[in-house]
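Chains as they are written, first to last, in the working numbering: chain X, 80 to 366; chain Y, 353 to 507.
In case anyone wonders, no lab produced these hints; they're calculated from the structure. No experiment lies behind these values; they were computed from the predicted model shown. Check the hints yourself; a few may be wrong.
[Said to hold, decoys possible] Cβ-Cβ distance ranges computed for the label pairs, FRET-style: (1) 470/Y x 321/X: 37 to 47 angstroms; (2) 143/X x 420/Y: 38 to 48 angstroms; (3) 422/Y x 265/X: 37 to 47 angstroms; (4) 380/Y x 98/X: 31 to 41 angstroms; (5) 422/Y x 329/X: 19 to 29 angstroms; (6) 141/X x 433/Y: 39 to 49 angstroms; (7) 486/Y x 124/X: 48 to 58 angstroms; (8) 313/X x 506/Y: 23 to 33 angstroms; (9) 334/X x 506/Y: 35 to 45 angstroms; (10) 422/Y x 366/X: 41 to 51 angstroms.
[Unchecked claim] So, partial list: chain X residues that the calculated Cβ filter (under 7 angstroms) puts toward chain Y: (11) 80; (12) 85; (13) 117; (14) 118; (15) 119; (16) 180; (17) 185; (18) 211; (19) 234; (20) 237; (21) 238; (22) 250; (23) 268.
C-beta atoms are modelled at their ideal positions from N, C-alpha and C, and glycine is treated no differently.
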Amino acid sequence: MYPPSFDLTVARSVAEAVDALAEGGEDARILAGGQSLIPMLKLRFAAPSLLVDINEIAGLDLLERTNGHLRIGATARHADIVASDLPGGAVASAAPWISDPLVRNRGTVCGSVAHCDPEGDWNSVLLATGATVVATGPGGERSIDIGDFVVDFFTNSLAPGEMVTEVHVPVPAGASGGAYMKLERKVGDYATVGVATHLELGGDGTISAAGIAMTSVAPVNRKASDAEALLVGEAPGDELFAAAAEAAAAASEPRSDVRGSAEWKRNVVRVYTRRGLEAALAQAQAG
Amino acid sequence: MEISVTINGTAQSHDVEARQLLVDYVRSTVGLTGTHIGCDTTSCGVCTVLLDGVPVKACTVLAAQADGHEVTTVEGLKADGQLHAIQKAFKENHGLQCGFCTPAMMLVGAALLESNDDPSEDEIRWAISGNLCRCTGYINIVKSIQAAAAEGRAQ
């Protein structure tokens, strides 16, 4: 299979990439790891007239903790997250579950985030942890809350000419923990069900913040807001987690397909939410 | 577009189409057919090459993205007329059946041993989890990588 013809610009700076995007108009696309885009070109699901390769931009692969955030640059690979000690919680938990080792060597976190595939894992992690997407365009840089960034099925809220340059995941100052639970048929398959969980504890041991978001069980990565609301301000415990798991399952909208029935997937959401909360709590309590 | 790629230590320059895939460049333009094409959908991993030492699926990288970089294919494992330790180990431990996935398995194994000279069985299985052996000959593939690791440590 061959991609349709396109022009390729290899950008050496973010400014060059943004200029090239602006010149290319609405048919221009950023090429980062290419692990979703190149297959989509080959399948003719996408036919951009111009690709702007950002892999040669120096420093764009940054991965660092600064000012209470984990900063993940546009060309940081999934494998970089796996190999680094910097990420914690749901981010560290999710990274080894992204596709397979070879795809992780090439694919990028920011690319996956921008792709907005509801079967992609990262946007659930970002929704659960309250992350921010940094976009750069002709008008400069702006920060977009992940909840506003993920608009719909394969649709983000980038304006024409904008590219994702970083993702910022908050690193809480107090006790916190998180997990990503993923059921997959085999290595490299999309999630049958994925659940990201994130908990922060106050000084008295009650839950001060909670995040739950789900993969592959709705037309978009979906935040289980009702389940989160049940948890905040409460003392963690089995009954509370069971109630939150029930609320997350109710917020899911799985469809029956080759990976299983809707009813079964909803039950997996329930079980994985509970297990994820337990893992997040254990991590938070261990400090 | 004009690209310059160092393949197995040899500088190559070619005029390629932007859409040409790295696997096709390596096989058809450069003529190194040890890199195979299997699923062509980023699943099977038989098209694995090392890009700057890192295993990637060459069906999902553009040739133009290798411009200015180093590519190692299975043909580049052998040095000075001697088989690479991983090639010797695959031969001695019957780490192949039909042989179709073997170039990729050896490259992934060699890359793993560069960063870890004593991988556990779990670490080896984890490293090759993006590469399919349709003969299901995994036991001897794992054994071969373990043998190459032992050989490397002994030297």
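Hint by hint, here is what the structure shows:
no. : hint                              : result
1   : 470/Y x 321/X: 37 to 47 angstroms : holds, 44 angstroms
2   : 143/X x 420/Y: 38 to 48 angstroms : violated, 26 angstroms
3   : 422/Y x 265/X: 37 to 47 angstroms : violated, 31 angstroms
4   : 380/Y x 98/X: 31 to 41 angstroms  : holds, 34 angstroms
5   : 422/Y x 329/X: 19 to 29 angstroms : violated, 53 angstroms
6   : 141/X x 433/Y: 39 to 49 angstroms : holds, 43 angstroms
7   : 486/Y x 124/X: 48 to 58 angstroms : violated, 27 angstroms
8   : 313/X x 506/Y: 23 to 33 angstroms : violated, 58 angstroms
9   : 334/X x 506/Y: 35 to 45 angstroms : violated, 55 angstroms
10  : 422/Y x 366/X: 41 to 51 angstroms : holds, 44 angstroms
11  : 80                                : holds, 5 angstroms
12  : 85                                : holds, 6 angstroms
13  : 117                               : holds, 5 angstroms
14  : 118                               : holds, 5 angstroms
15  : 119                               : violated, 11 angstroms
16  : 180                               : holds, 5 angstroms
17  : 185                               : holds, 5 angstroms
18  : 211                               : violated, 29 angstroms
19  : 234                               : violated, 23 angstroms
20  : 237                               : violated, 23 angstroms
21  : 238                               : violated, 26 angstroms
22  : 250                               : violated, 27 angstroms
23  : 268                               : violated, 9 angstroms
Consistency note: the structure conflicts with the earlier hints numbered 2, 3, 5, 7, 8, 9, 15, 18, 19, 20, 21, 22, 23.
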